[in-house]
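Protein chains in written order, with the working numbering: chain A, 1 to 306; chain B, 1 to 253.
Simulated from the structure, these hints should not be mistaken for lab results.
Hints may contain errors.
Said to hold, decoys possible - No farther apart than 25 Å at their CA atoms in a straight line, the calculated lysine-lysine pairs in the PhoX-like style are these:
1. A/Lys-22 to A/Lys-8
2. A/Lys-111 to A/Lys-75
3. A/Lys-75 to B/Lys-18
4. A/Lys-179 to A/Lys-111
5. A/Lys-71 to B/Lys-246
6. A/Lys-108 to B/Lys-166
7. B/Lys-246 to A/Lys-8
8. A/Lys-108 to A/Lys-140
9. B/Lys-84 to A/Lys-140
10. A/Lys-120 to A/Lys-71
11. B/Lys-246 to A/Lys-127
12. A/Lys-140 to A/Lys-117
13. A/Lys-120 to A/Lys-108
14. A/Lys-108 to A/Lys-71
15. B/Lys-166 to A/Lys-140
16. A/Lys-117 to A/Lys-127
17. A/Lys-218 to A/Lys-22
18. B/Lys-246 to B/Lys-166
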Amino acid sequence: MQPDISVKNLSKVYEDGFQALKGINLEINRGEIFALLGPNGAGKTTLISIICGIVNLTSGEAKASGYDIRKDYRKARAAIGLVPQELNTDSFETVWNAVSFSRGLFGKSPKPTHIEKVLKDLSLWDKRNNRIMSLSGGMKRRVMIAKALSHEPQILFLDEPTAGVDVELRRDMWEMVRKLRENGTTIILTTHYIEEAEEMADRIGVIRQGEIILVEEKDRLMSKLGKKELRLQLQAKLDKLPGELTLEPIELSEDGYELIYTFDSQQQQAGVARLLRTLGDLGIEYRDLQTRESSLEEIFVGLVHE
Amino acid sequence: MNLYGVRAIYNFEMARMKRTVMQSVLAPVISTCLYFVVFGSAIGSRMGDIDSISYGAYIIPGLVMLSLLMQSISNASFGIYMPKFSGTIYEVLSAPVSYVEVVLGYVGAAATKSVILGLIILATARLFVDYSVLHPIWMISFLILTSITFSLFGFIIGIWADGFEKLQIVPMMVVTPLVFLGGTFYSIDMLPEVWQTISLFNPVVYLISGFRWAFYGVSDVHVGISVGMTMVFMLGCMASIWWIFKTGYRLRS
Chain A
1 MQPDISVKNL SKVYEDGFQA LKGINLEINR GEIFALLGPN GAGKTTLISI
51 ICGIVNLTSG EAKASGYDIR KDYRKARAAI GLVPQELNTD SFETVWNAVS
101 FSRGLFGKSP KPTHIEKVLK DLSLWDKRNN RIMSLSGGMK RRVMIAKALS
151 HEPQILFLDE PTAGVDVELR RDMWEMVRKL RENGTTIILT THYIEEAEEM
201 ADRIGVIRQG EIILVEEKDR LMSKLGKKEL RLQLQAKLDK LPGELTLEPI
251 ELSEDGYELI YTFDSQQQQA GVARLLRTLG DLGIEYRDLQ TRESSLEEIF
301 VGLVHE
Chain B
1 MNLYGVRAIY NFEMARMKRT VMQSVLAPVI STCLYFVVFG SAIGSRMGDI
51 DSISYGAYII PGLVMLSLLM QSISNASFGI YMPKFSGTIY EVLSAPVSYV
101 EVVLGYVGAA ATKSVILGLI ILATARLFVD YSVLHPIWMI SFLILTSITF
151 SLFGFIIGIW ADGFEKLQIV PMMVVTPLVF LGGTFYSIDM LPEVWQTISL
201 FNPVVYLISG FRWAFYGVSD VHVGISVGMT MVFMLGCMAS IWWIFKTGYR
251 LRS
């Protein structure tokens, strides 16, 4: 299948000499939810801005929906809806006019039924005749999303969509993203909330200092890089680790009442069984045990700080 | 051609004028009326005719030009500066519109406003001063041509400006003096010869002279030269705008 976004050797050097992107290669498939993660200043917004036509690229090429973003900029841009990070809205316009304006700007004939649907989906219908300046921050964010969806884009960019947004709106937004995906929309989101990527994304890309350091299906990433941890609460205090256990990646908690054993998700139970057998042989009794998997957040922090 | 896009920008800008009717229509009309009252009715009655036209009537074309230039520049510069300032420009930059379409929308709306304003001022002037229009078609053509030219110029200023102060500098410090020294209140012939020559470097002289010719059939320079000079200035603005969009100057980094 043809990718919806295809970026080849894309570089960006700003006028002040700062190289924001260093030869990015990336393909995003039609209909998937792709989460782009990276620390502040890693180049996420620059990458999105180039694909959307807000920033000029220095070298390389990018295609959206199969169209080159420079040669076929009309077709490429018409396929894209963008919700930028900053809350930039026309204060004096009404919600209805602002959203209708966006549709026209993107070259679509007026279609009030679609605008109505978008506003209703985003719980903005009651506010349609309000001036945007009278809305709360969360409502303004909804207006930005409505503007991006006004022209029925095939690709939707959400740049930090849930920064500073309350729980309710975040949940609404996730719901909306799922619905859009069901209709075949490709969604690219950048976020600081890794749990969001963990919950929503099909694939995850990690960008660091202008380079894509990893692109992987979320589930594979979790199992490949994820660590598992087994904690055993002991009946009696241990003063130090018995010699038989020191070969394993195992630690004794400071109070001496807990053993913590970390292992790769992939190597599975072999190590656990061996550990439990050893403990039995040594006569170390335990009251309780838990296992947990590392979250995407921990994986991410591990990656970007490498 | 993305006509829906042009229309969206144009309508958005026209809606802005309706919201700010006090500032963008009423204020210039009132200030121009003050000129008519003071120079036309009060002082004008004691002044001799120029080129056998009463002084009150003589200054009308120049005063209309003054408002036209100021308002074209401020409308167009504000129109493009505000989205830059508020950040909403991202939407225009990411939209499938060419720069010609962006300019058509913004400059078209600014010029439309100026033409409407010019006609309102002319109608109000009739209340104070008796005047006639010898070549109405030419008069309207000059009105439209000047509005478009200076809206283009304002658009450039709006892109160049990175603060509200710069937005004001050019209309106040450059255009106002040029209009006052450009023969609004006098005929260039009345100046000493040196100043007559210097005046010919003032582009506004050609605008006012041509516009006055459309009213009364008298002019400081030949009307053909007036049209030509306005065209040259317009082409200059268009070339600058072409360069701005080609390089992304102050729009796309």
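So, going through the hints one by one against the coordinates:
1. Taken as a hint, the A/Lys-22 and A/Lys-8 pair is honoured in the structure, with Cα atoms around 11 Å apart against an allowance of 25 Å.
2. The straight-line distance between the Cα atoms of A/Lys-111 and A/Lys-75 is roughly 20 Å, inside the 25 Å bound, and the hint therefore holds.
3. Taken as a hint, the A/Lys-75 and B/Lys-18 pair is broken in the structure, with Cα atoms around 33 Å apart against an allowance of 25 Å.
4. Taking the CA atoms of A/Lys-179 and A/Lys-111, the gap is near 20 Å; set against the 25 Å cutoff, the hint holds.
5. Note on A/Lys-71 and B/Lys-246: the hinted pairing holds, with a Cα-Cα distance of about 14 Å set against a maximum of 25 Å.
6. Taking the CA atoms of A/Lys-108 and B/Lys-166, the gap is near 36 Å; set against the 25 Å cutoff, the hint is violated.
7. Distance check on the hinted pair: B/Lys-246 and A/Lys-8 sit about 23 Å apart at the alpha-carbon level, within 25 Å; holds.
8. Only pairs whose Cα atoms come within 25 Å are accepted, and A/Lys-108 paired with A/Lys-140 is accepted, the gap being roughly 23 Å.
9. Distance restraint check for B/Lys-84 and A/Lys-140: the Cα-Cα separation of roughly 18 Å lies within the 25 Å cut-off, and the hinted pair is therefore satisfied.
10. For the proposed pair A/Lys-120 and A/Lys-71, the alpha carbon gap of about 36 Å is over 25 Å, so the pair is violated.
11. At most 25 Å may separate the alpha-carbon atoms for a hinted pair to count; B/Lys-246 and A/Lys-127 exceed this at roughly 40 Å.
12. Restraint check for A/Lys-140 and A/Lys-117: the C-alpha separation of about 17 Å stays at or below 25 Å, so the hint holds.
13. Among the hinted pairs, A/Lys-120 with A/Lys-108 is consistent with the structure: their alpha-carbon atoms are about 20 Å apart, no more than 25 Å.
14. Among the hinted pairs, A/Lys-108 with A/Lys-71 is consistent with the structure: their alpha-carbon atoms are about 21 Å apart, no more than 25 Å.
15. About 30 Å separates the Cα atoms of B/Lys-166 and A/Lys-140, which puts this hinted pair outside 25 Å; it is violated.
16. Proximity of A/Lys-117 to A/Lys-127 is assessed by CA-CA distance (about 14 Å); at most 25 Å being required, the pair is judged to hold.
17. Pair hint A/Lys-218 plus A/Lys-22 holds up; C-alpha atoms about 24 Å apart against a cutoff of 25 Å.
18. For a cut-off of 25 Å, the pair hint linking B/Lys-246 to B/Lys-166 stands: about 23 Å separates their Cα positions.
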